[in-house]
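With the hints as constraints, model all of the structure from the sequences given.
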Amino acid sequence: MADLLEVNDLHTQFFTRDGVVHAVDGVSFSLAAGETLGLVGESGCGKSVTALSLMRLIPQPPGKITEGSIVFDGQDVLKMDDDDIRGIRGNNVAMIFQDPMTSLNPVLTISRQISEALELHLKMDKGEARKRTIELLELVGIPSAKKRVDDYPHQFSGGMRQRVMIAMALSCNPKLILADEPTTALDVTIQAQILDLLKNLAREFRTAFILITHDLGVVAGMTQRIHVMYAGRIVEKADTGELFANPKMPYTWGLLRSIPRLDERRKEKLIPIEGLPPDLIAPPTGCRFEPRCQYRRDICREKEPELAAVPNAKPDHEARCWGTQNVPGGGWLVATDWRREVGDTSVIEEIRRGDDTAAAGE
Amino acid sequence: MLQYTIRRILLIIPTLFFVALITFTLAKMAPGSPFDKNPDKPPSQATIDRWNRYYGLDKPVAEQFAMWLGNVARFDFGVSITRQRPVADIIGQGFPTTAQLGLQALFLSLAVALPLGIVSALRQNTIVDYASLFFATIGTTIPSFVIAIFFIYIFGVGLRLLPFVGWGTPQHMIMPTVILSLGSAAFLTRITRASMLEAVRQDYVRTARSKGLREQVVIVGHVLKNALIPVATVVGPAAAALITGSFIIETIFSVPGIGREYIRSIVALDYPVIMATTLLYAFFIVVANLTVDLVYGMLDPRIKVGK
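Read top to bottom, the protein sequences are chains V and L.
According to the numbering used here, the stretch in the first sequence is residues 1 to 362, in order.
According to the numbering used here, the stretch in the second sequence is residues 1001 to 1307, in order.
Calculated directly from the structure, the hints in this document are not laboratory data.
Be aware that a few hints might be false.
Claimed, not checked - Between beta-carbon pairs, the in silico distance windows are:
| id | chain 1 | residue 1 | chain 2 | residue 2 | range |
| --- | --- | --- | --- | --- | --- |
| 1 | L | I1303 | V | D316 | 52 to 58 Å |
| 2 | L | I1303 | V | G19 | 41 to 47 Å |
| 3 | V | G158 | L | A1194 | 26 to 32 Å |
| 4 | L | Y1004 | V | G26 | 55 to 61 Å |
| 5 | V | T16 | L | V1234 | 56 to 62 Å |
| 6 | L | I1142 | V | D125 | 51 to 57 Å |
| 7 | V | D84 | L | V1234 | 40 to 46 Å |
| 8 | L | T1291 | V | A282 | 55 to 61 Å |
| 9 | V | T184 | L | A1194 | 28 to 34 Å |
Just so you know, even glycine gets a beta-carbon here, dropped at the ideal spot from N, CA and C.
Shown next as structure tokens:
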């Protein structure tokens, strides 16, 4: 199947006074037409920068895409001239941003802000664009759209503004929508509505989308696949079902442990991941998660693992972890049930020291 | 909106009343009298008494104020004590020149400041930006009368390009207008630049770019309107300051405006002229502020004017 989007070894860096920040450091993934992908990780892991890189919206300077390729619909985005990339933005690839309170221009009407793209890309005249704008607002569930089309953003609530953003993103029937934390700024009940809306409309129009979030709970019912990012790299790739049923990378476990579960009988304590993501000016030379990882062994500090297939899992399940890779000195996490030792540090200690204990027992 | 405007216009009356009251009190508190300004040939006490009676200066201050107020209500601003001419004549003669000078300076400073501020924000930390910073620093730090003297020396005396005494031909207007506009042009350039830099960083600008708009459309359609809101706030007072604050320039270039009358009247304690000119200046500041508030409501839909 011809891929809609093929990202290969993407490096985006920010040149700051303190040094070069390797915000995205060798990210590769692909997306088929109509496919949905979740990009998950803590703040500062390079998710948003990845999305902005795809549209070449990295502020430059200080940012720069230094390496790699982004092939969208058969064309290399990074080799396009400015006119060509503008022809794709808003037209073939659209973006929904995190904060609907600040992402809409406060002094322009909603009608103006949506029509703009229609007039530009679909060559509509003002009347047609206005009609289409009203249709789009109805589509995303804005009540009495005909009356509200001439309102200004401040006359809408947060959830309604995000609907407007979705209408704007959908306006030119893009092949790909990048949704960067679209519900983070909204309250929880509105979050669900907005996610449903996004999912249903994307399905209806067969639009592929990449949903970026720090919240695994958000992507659960939303996307077909999930890529977990950490410190500028993808650390685990899997189908959504597989990732939740059989997560492999200790970082993913950490993310899962920090979201509450409604189906848990006992009220489990949420366990945060200790520490902070590494400084991306000088990231660790070994596994980037090693300093925070409860299961680390010496090999983790010495050499960085590649993203590799996980044994005992679906074939397209990959993880960047020595513990899951059958190499000399690795593979100690292949059979670990991550749920078993939640909160029980002695079990974690046992796994970590696994080889020593085994040797002592003989 | 209309209701709000009317209310604001009506509010001008009490504002001007208090300005008049304070000015009157201060002027009366100043030592001396209009008749003791010639120490070589002081008039006799009898003459002074007669003049005081003639101008009503022998009455209690409160009564004087009430009389003055009553006359002003009939648009009678009285007669200049030291010049023996109706105040309305003096103002009618000088004010058009002052207003013209002020408005020219205002338009010139906007014409310079807006493009310069916008360009230096868009080309931040380039030679253009530094040049505009240099200009703005000079304009705000060196007082206009110092620059005026340089200009007169270079363009008037040295190169003999421009006349520097009097008013009338366009050539006469160039130097006073340019020098008067310098301070506000410098100030407005900095405000425009700062406000542009603030606006281009906003999330909605990224949204606009993500729609595939061309950079010019992003700047003109999305950034500019937001960036000009803070600028509009300061243009009002700046305009009032230009129209009312030109007396130094008028004196240096012998411009027959009202500013010179203002200074003269204060030195001579010519009460009717002090009152009339102060009131006129106050009126302009009030009108400028009102205009800004109304324009503000048009620029920024989040601000609801009137209720």
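So, going through the hints one by one against the coordinates:
Take I1303/L and D316/V: their Cβ atoms lie about 55 Å apart, and the range 52 to 58 Å holds. For the pair I1303/L and G19/V, the beta carbons lie near 44 Å from each other, so the given range of 41 to 47 Å is met. A hinted range of 26 to 32 Å for the beta carbons of G158/V and A1194/L is consistent with their spacing of about 29 Å. Between Y1004/L and G26/V the beta carbon distance is about 60 Å. The supplied range of 55 to 61 Å therefore holds.
About 33 Å separates the C-beta atoms of T16/V and V1234/L, a value inconsistent with the hinted range of 56 to 62 Å. Under the hint 51 to 57 Å, the C-beta atoms of I1142/L and D125/V, about 54 Å apart, fit the expected range. Distance hint check: the CB atoms of D84/V and V1234/L are about 42 Å apart, consistent with the given range 40 to 46 Å. Here the CB-CB span from T1291/L to A282/V is close to 56 Å, well matched to the stated 55 to 61 Å.
About 30 Å separates the C-beta atoms of T184/V and A1194/L, a value consistent with the hinted range of 28 to 34 Å.
Violated hint: 5 only; the structure is consistent with all others.
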